[in-house]
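Novice: Here are the chains, one letter per residue:
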Amino acid sequence: MKKKHLNFIGILLILLSITSVAKAEVSAETAYIFNTFSFLIHGILVMLMAAGFAMLEAGMVRTKNTAAICLKNIALYSIGGLMFYLIGYALMYPGEFNGILGIGDIFYDPLESEIAGEPNVEDGYSKPSDWFFQMVFAATAISIVSGAVAERVKVIPFLLFAAIMTAIIYPIYGSWTWGGGFLAEFGFSDFAGSTIVHSVGGWAALVGCLVIGARKGKYNQDGSVNALPGANLPLSTLGTFLLWFGWFGFNGGSQLALGSAADAAQMSIVYVNTNLAAAAGVMASIILAQIIYKKIDLTLALNGALAGLVAITAGPDVGSHFVAIVVGAIGGILSTLAIPLLDRFKIDDVVGAIPVHLVGGIWGTLAVAIFGGGSFIAQLYGIMMAGVLTVPLAFLAFCLLKYTVGLRVSETTEDSGVDMPELGLQAYPEFKH
Amino acid sequence: MKKKHLNFIGILLILLSITSVAKAEVSAETAYIFNTFSFLIHGILVMLMAAGFAMLEAGMVRTKNTAAICLKNIALYSIGGLMFYLIGYALMYPGEFNGILGIGDIFYDPLESEIAGEPNVEDGYSKPSDWFFQMVFAATAISIVSGAVAERVKVIPFLLFAAIMTAIIYPIYGSWTWGGGFLAEFGFSDFAGSTIVHSVGGWAALVGCLVIGARKGKYNQDGSVNALPGANLPLSTLGTFLLWFGWFGFNGGSQLALGSAADAAQMSIVYVNTNLAAAAGVMASIILAQIIYKKIDLTLALNGALAGLVAITAGPDVGSHFVAIVVGAIGGILSTLAIPLLDRFKIDDVVGAIPVHLVGGIWGTLAVAIFGGGSFIAQLYGIMMAGVLTVPLAFLAFCLLKYTVGLRVSETTEDSGVDMPELGLQAYPEFKH
Amino acid sequence: MKKKHLNFIGILLILLSITSVAKAEVSAETAYIFNTFSFLIHGILVMLMAAGFAMLEAGMVRTKNTAAICLKNIALYSIGGLMFYLIGYALMYPGEFNGILGIGDIFYDPLESEIAGEPNVEDGYSKPSDWFFQMVFAATAISIVSGAVAERVKVIPFLLFAAIMTAIIYPIYGSWTWGGGFLAEFGFSDFAGSTIVHSVGGWAALVGCLVIGARKGKYNQDGSVNALPGANLPLSTLGTFLLWFGWFGFNGGSQLALGSAADAAQMSIVYVNTNLAAAAGVMASIILAQIIYKKIDLTLALNGALAGLVAITAGPDVGSHFVAIVVGAIGGILSTLAIPLLDRFKIDDVVGAIPVHLVGGIWGTLAVAIFGGGSFIAQLYGIMMAGVLTVPLAFLAFCLLKYTVGLRVSETTEDSGVDMPELGLQAYPEFKH
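Residue numbers (the numbering used here), protein chains in the order written: chain A, 1 to 433; chain B, 1 to 433; chain C, 1 to 433.
Careful: at least some of the hints might be erroneous.
One copy or any two copies: either way a pair holds, since identical chains are not told apart in the list.
Straight line, CA to CA, 30 Å or less: simulated DSS-like cross-link-like pairs of lysine-lysine [as the list claims (entries may be wrong)]:
| no. | residue 1 | residue 2 |
| --- | --- | --- |
| 1 | LYS294 | LYS402 |
| 2 | LYS295 | LYS402 |
| 3 | LYS295 | LYS346 |
| 4 | LYS346 | LYS294 |
| 5 | LYS432 | LYS402 |
| 6 | LYS402 | LYS346 |
It should be emphasised that the hints constitute simulated quantities derived from the structure, not laboratory data.
Kindly generate the complete structure, drawing on both the sequences and the hints.
Specialist: Take a look at the structure:
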């Protein structure tokens with residue numbers, strides 16, 4: 001009896017410990033809600049980056065091309081969402097779909113159980129919330145291209161390229177990495193996409209600039225460069241702030257979970273490191289510009305913020321805040337130095353997308369190995385493969401467009417600006433300019 | 001003894017199952033926090049839609065009326081909040097108040113228990129968080145009117161109308177539906193307010209345009225139309241992006257709960273459908289404009305996004321993403337087609353509020369019956385009653401203002417712009433225009 | 001046996017009650033996640049206030065100084081983050097650090113356990129999330145100064161002052177209050193920083209204006225004042241809306257917890273009161289301006305919103321919504337009345353930072369005692385000590401800069417605008433002005 005009694009006490013104690021575990025831990029359903037809400041809230045922050053890119057670019061082009069860049073930005077975000085629904089997601093995460101290729105397998109749709117309000121809590125998060133978060137990343141990749149090729153690309157061909165980018169190019173590289181493909185298995189590490197989003201976008205921007213060519217009047221015969229200053233720098237400043245704000249969703253949400261204290265703690269580190277890297281990018285660019293050009297250039301400062309953000313994106317979780325500052329500062333320095341380099345090769349990138357996203361992205365991805373202890377080889381391999389995939393595919397796509405519908409506006413249109421001939425309106429019809 | 005022993009084991013097993021339920025489920029207090037936080041976060045997203053409307057409209061009016069539209073937008077959001085506090089909420093949700101009409105019953109105030117930090121967890125959410133979420137919807141309804149009647153309405157009479165709208169008109173219709181009134185009982189279904197917010201706002205805008213009349217110089221004697229293009233389209237683009245961003249709060253928050261996995265899963269579907277409908281609205285408008293006008297019109301694309309958003313608002317929870325795309329695309333098409341129709345009747349809607357909010361809202365409300373399997377009759381009845389309530393009340397209010405304080409600025413003021421005579425300042429004093 | 005049996009039942013009942021407690025309550029880890037997520041989300045809302053200040057100020061200066069104000073705003077937010085990391089946080093919260101002064105103790109860094117993903121749930125929240133939330137407050141304090149001294153301050157000296165402000169001045173006053181210092185012990189109560197952030201920033205702005213002097217052409221010999229109107233009021237409107245939006249983070253996040261229903265309920269009251277105070281500030285300013293100047297001044301309305309927000313910041317948790325309306329309205333009235341008063345003393349505050357943040361902050365801090373029942377003496381003492389600390393330190397810093405690197409641009413630069421000489425670019429190069 002005594003023994004039995006003890007047995008009971010023992011069972012009770014076990015039970016008690018389970019109960020107190022229940023008090024201390026996060027229930028599976030609570031974690032499901034946290035994870036889902038994190039995808040949604042961080043997803044809309046990334047969505048707002050589309051507005052950030054739109055304003056950044058609208059401020060950096062000339063008035064005569066401003067309406068076109070606005071249209072391109074809202075259209076590319078729309079196309080990105082639709083293409084990722086129609087094709088992209090299935091290509092990037094093939095494991096999420098069953099059966100052979102067919103309409104039913106390509107189109108992404110929510111689970112019946114989720115529509116019915118009976119989700120499977122064991123999934124850990126709602127599938128549509130994850131889809132939403134993945135979709136806004138695809139849209140970001142094409143946002144990067146938009147500014148680089150501005151002021152001379154035809155609107156419709158650009159939008160066709162946006163469709164190709166978000167339906168095929170970005171998802172294929174994504175499938176190699178976040179989709180669990182060979183680069184993931186090789187040990188390539190890219191927390192929120194310095195390479196996967198930003199370098200892929202940056203490579204496509206570079207190819208676009210090469211295929212389309214520089215704007216009329218940008219480069220002189222003697223190799224000297226004419227500044228073609230942006231028309232509305234407060235808008236570019238706003239755009240940069242919106243991008244910075246949205247980046248907390250980009251990097252913070254890439255923790256991919258919020259259902260445990262460990263996730264919340266690491267997400268906090270990601271937020272702080274993201275902010276410090278951007279701040280360091282700004283200050284490094286300002287100081288470097290002061291040294292080189294004896295001026296505090298506003299556009300360099302804005303791009304410094306973005307380069308710092310791109311650079312920290314591959315490893316905002318690595319930990320030390322001091323390292324984040326170093327990574328961001330070097331990002332700002334490299335992007336500042338890359339601008340005259342591009343000009344030397346007559347690569348006319350209107351907003352500095354290549355210095356920021358390609359150069360910053362490569363640096364940030366390498367920095368993970370340098371400061372985070374990952375494999376340098378794996379990082380280099382991943383960086384290389386982004387170029388190996390994106391450059392020929394983007395080249396093919398741009399050339400296909402060039403020799404069919406045409407890629408570049410006529411000289412007359414370029415002189416008058418894209419807005420009136422292609423859109424039939426002006427961005428600032430009343431302002432004399 | 002053996003039996004007793006088994007009894008104990010049985011009790012222990014029951015207990016264990018309760019414990020594991022505790023581990024799997026969301027506690028009542030955790031659900032309370034989730035529900036409350038959802039109201040707050042989604043509420044501020046809707047609040048930011050006030051900024052979106054302000055920028056959309058500021059970009060679509062001419063420079064000489066830009067400061068007035070800015071003032072009207074910040075003032076109407078303020079008035080909306082104050083009126084909904086003083087009167088609107090009590091009218092819309094009479095069940096939340098006790099006693100006969102009197103100051104104490106009209107003014108909305110938090111519960112003593114909530115102020116004291118001892119909320120009743122059984123309520124499921126904090127009352128002020130719900131009030132906040134309801135208030136921003138009232139403000140949205142009047143935001144819709146503001147742009148339509150721009151450039152010729154006097155500022156103070158418009159603000160008086162804003163008070164009437166948020167204190168009386170919107171809350172009465174809201175009481176019939178979300179307040180649990182006869183339309184709710186009839187089976188009328190409007191998830192986040194295609195009709196309740198957007199059509200009601202759209203009807204008021206239509207009445208306003210009719211009572212006030214078209215702008216000088218908009219329509220010629222021969223029936224032809226003069227474009228009076230907006231002065232700053234990047235601002236309109238920004239405004240549209242802010243509205244799109246805020247709409248995740250509008251529709252996502254209208255799930256009204258986040259305290260269970262089922263709610264989180266359905267909220268995710270709402271987010272995805274909201275985004276896809278907007279994207280489809282953009283693309284449908286772009287393609288249609290290309291077909292009709294041989295131009296990719298930026299303002300039509302922006303309104304296409306908004307029409308897609310308005311259209312999906314009645315049923316973003318219905319489920320299939322494909323349906324959301326169809327609903328949004330048709331919204332974009334209808335709003336694009338409605339613009340020349342309004343011009344034929346010389347209804348001068350400066351920003352296209354009627355095509356977007358009234359036409360898009362009616363379509364979206366019907367679409368719930370078409371795709372979601374609800375009652376077509378109930379939907380039609382709700383749509384009709386929105387007009388039956390709003391049109392005479394708005395007409396009465398506008399006429400009352402017209403024949404007392406006056407509703408329309410003088411011809412001289414209209415020529416010179418509203419800004420200098422009414423505000424004593426210019427929006428862009430240095431820019432030549 | 002019977003008794004034992006009862007004992008078992010008794011234990012089971014206790015256990016059952018614990019279990020149901022587990023079902024009703026928030027687990028420690030769930031609370032940790034809520035608290036952390038609240039710091040992060042509310043923190044980024046405050047971060048966006050930097051964009052709000054940038055737009056507010058960019059719209060209120062003249063075109064020739066717009067790029068400089070944009071640069072100052074993105075740089076000061078960057079400097080704020082870096083300085084708070086390097087020095088500020090350690091000064092403000094000395095208890096969070098061990099050992100004697102030294103590099104290791106000053107630099108703020110996440111805990112090893114948090115990097116390792118093994119946070120201590122007992123902490124209640126992740127330390128970096130709290131740091132992030134504190135950091136954005138430091139940045140806000142210097143944002144306030146930026147607009148006041150615009151259009152004649154040199155860029156680099158201003159940025160040096162920003163470093164001093166966020167590294168030393170703000171953190172010292174913060175340590176006296178939120179850091180648990182003598183003002184906290186004295187009973188000084190300032191929920192989210194009417195005095196701690198806004199008055200401290202306002203005092204520094206006042207000192208800056210006095211040391212630097214008024215803009216050329218602002219005041220005539222006979223004491224009359226020339227309006228130097230802002231160049232882009234839609235941007236200022238946007239900035240105000242962004243500040244209002246971000247203020248929900250500023251005040252809402254200052255609840256400092258979201259891990260219980262009580263916290264969620266009080267946070268809701270904070271949101272509602274914040275919104276109503278701002279709305280009342282707008283309407284009070286509009287009505288007062290109509291009475292005094294017979295005009296509805298847009299910039300006064302915008303500043304009325306901000307003054308209402310600053311005023312409610314000290315006590316948004318006090319409870320009654322009606323009180324919040326009164327506090328906000330008086331804030332709007334006082335800030336409107338303070339503007340001509342400053343002009344009488346030839347204190348040239350470009351954006352009205354002193355009326356809004358200093359006057360509004362003092363009023364709001366006193367209002368806590370008036371309406372919330374706190375100690376009037378303690379509030380007065382705290383208000384006074386903000387001046388006693390900030391005025392001499394800011395004076396010292398500004399004078400140090402004035403007599404070394406110089407604080408004010410040359411007359412030629414002031415005439416031509418700061419943008420070309422200091423930044424080498426123009427904000428709106430194509431717009432004729």
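Novice: Now look at each hint and say whether the structure bears it out.
Specialist: Cross-check of the supplied hints:
1. LYS294 to LYS402: between (41 Å within a copy, 21 Å between copies)
2. LYS295 to LYS402: Classified as between; 20 Å across copies, 39 Å inside a copy.
3. LYS295 to LYS346: within (23 Å within a copy, 32 Å between copies)
4. LYS346 to LYS294: For LYS346 and LYS294, the Cα distance is within 30 Å only inside one copy (24 Å; across copies 34 Å).
5. LYS432 to LYS402: Cα proximity of LYS432 and LYS402: none, with 34 Å in one copy and 37 Å across.
6. LYS402 to LYS346: Within one copy, since 20 Å is at most 30 Å while 44 Å is not.
Hint compliance for this structure: hint 5 is the single one not met.
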